[in-house]
Amino acid sequence: MKKYLLSLGVIAAATLSLTSCLGSGKNETNYDFTYSDCFNYVVDRQENTVYVGHSPIYKFVFHNDLALDMDITNLKLNADQTLNLRFPTMSTQISSTDGFTIFTAYNVLPVGAGSSYEFDTIKFRGYPWRSPAIYDLTYTVNDRYDVTVYPTVLGYYAQATVTNKTEGATDPVFTGKDLEVGTYMITINSEKMTASLFVMEGKFEKNSYDTERLEVRNLPVTIIDGGFRIVTEPGVTYPVYDYQQASSASALTDYSMSDISLTAYLSTGASLSYNCTLGKNNQGYPKNYNVSTTLRYFPFSAETQQ
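The opening residue of the sequence shown carries number -9 in my numbering; numbering runs sequentially from there.
In case anyone wonders, no lab produced these hints; they're calculated from the structure.
30 Å max Cα-Cα, derived BS3-like pairs, lysine-lysine:
1) Lys182 to Lys49
2) Lys270 to Lys155
3) Lys270 to Lys193
4) Lys155 to Lys196
5) Lys49 to Lys113
6) Lys66 to Lys113
7) Lys113 to Lys182
8) Lys270 to Lys167
9) Lys167 to Lys193
10) Lys193 to Lys155
11) Lys196 to Lys167
12) Lys66 to Lys49
Just the calculated beta-carbon pair ranges, DEER-fashion:
13) Val221 to Tyr25: 24 to 30 Å
14) Asn38 to Ser198: 50 to 56 Å
15) Ile84 to Val42: 30 to 36 Å
16) Trp119 to Ser198: 32 to 38 Å
17) Thr79 to Ser263: 41 to 47 Å
18) Leu56 to Thr212: 34 to 40 Å
19) Gly158 to Lys113: 51 to 57 Å
20) Ser238 to Met80: 41 to 47 Å
21) Gly102 to Thr24: 19 to 25 Å
22) Val42 to Leu99: 21 to 27 Å
23) Pro210 to Asn271: 28 to 34 Å
24) Ala236 to Val40: 34 to 40 Å
25) Ser240 to Ile84: 46 to 52 Å
26) Gly158 to Pro224: 25 to 31 Å
Heads up, the beta-carbon is just placed ideally off N, CA and C, and yes, glycines get one too.
Model the full assembly from the supplied sequences, consistent with the hints where possible.
Here it is as structure tokens:
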């Protein structure tokens, strides 16, 4: 099995109030997605409606023999009923190519639930031991409700091409990956269906030692099959904040971001492009950049070992 040799300190330090908890026993590892960590996007095929279930709790116990125990608390398939379910032990496997834990189960009856609820399929692919956790969890209930579990915090490494649009720029194109260009994070507010975009220690010029700590708030989120999109109206600028400052702090002077376009899939990663102005240079010209990135969960330069 390949193992990634990762340096995730930058992302882990920026997970803000992430409340997931990871604990280990002698022969097992426990992982919980609790309250603000995720939300359920439920499609009711019978009624042709969508319901967003807030604050579900998923408890996983990964045993050393690759068995898995799973509980779901505060599960809402619609606004009328809340379910607390425990599942029989299921088998998992480890991907031989990327180290992810995966399992697929069919026709699962929760313990003690009788025949009221049958989980026609449960599919999980994840790496929950990283922070923020990586997972793609979907299931279908009673051949009616299709549920996708969305993390509210997603952290990415980037491979970026930055075009310097600043007046008089002498080195207009910069390409880099991983810590050369900074890391990215998305947080989703499922109540408002808005997101914040974070650029952590971002670098926008090859020969500059300056890095940026950027946050853009209140971006519109649209759910798509297996992922989500953030697309802003062309030409509309958003204020930019320093994410290390208090949430009440003012936006950064002469900073803005526009034309943001992100398409993210829970199973793989995302693509992101945007325009930004990051203050002024010594000649007083606005520092303008166009950025195009591919985002994924592990470093592009990650070393692996068998």
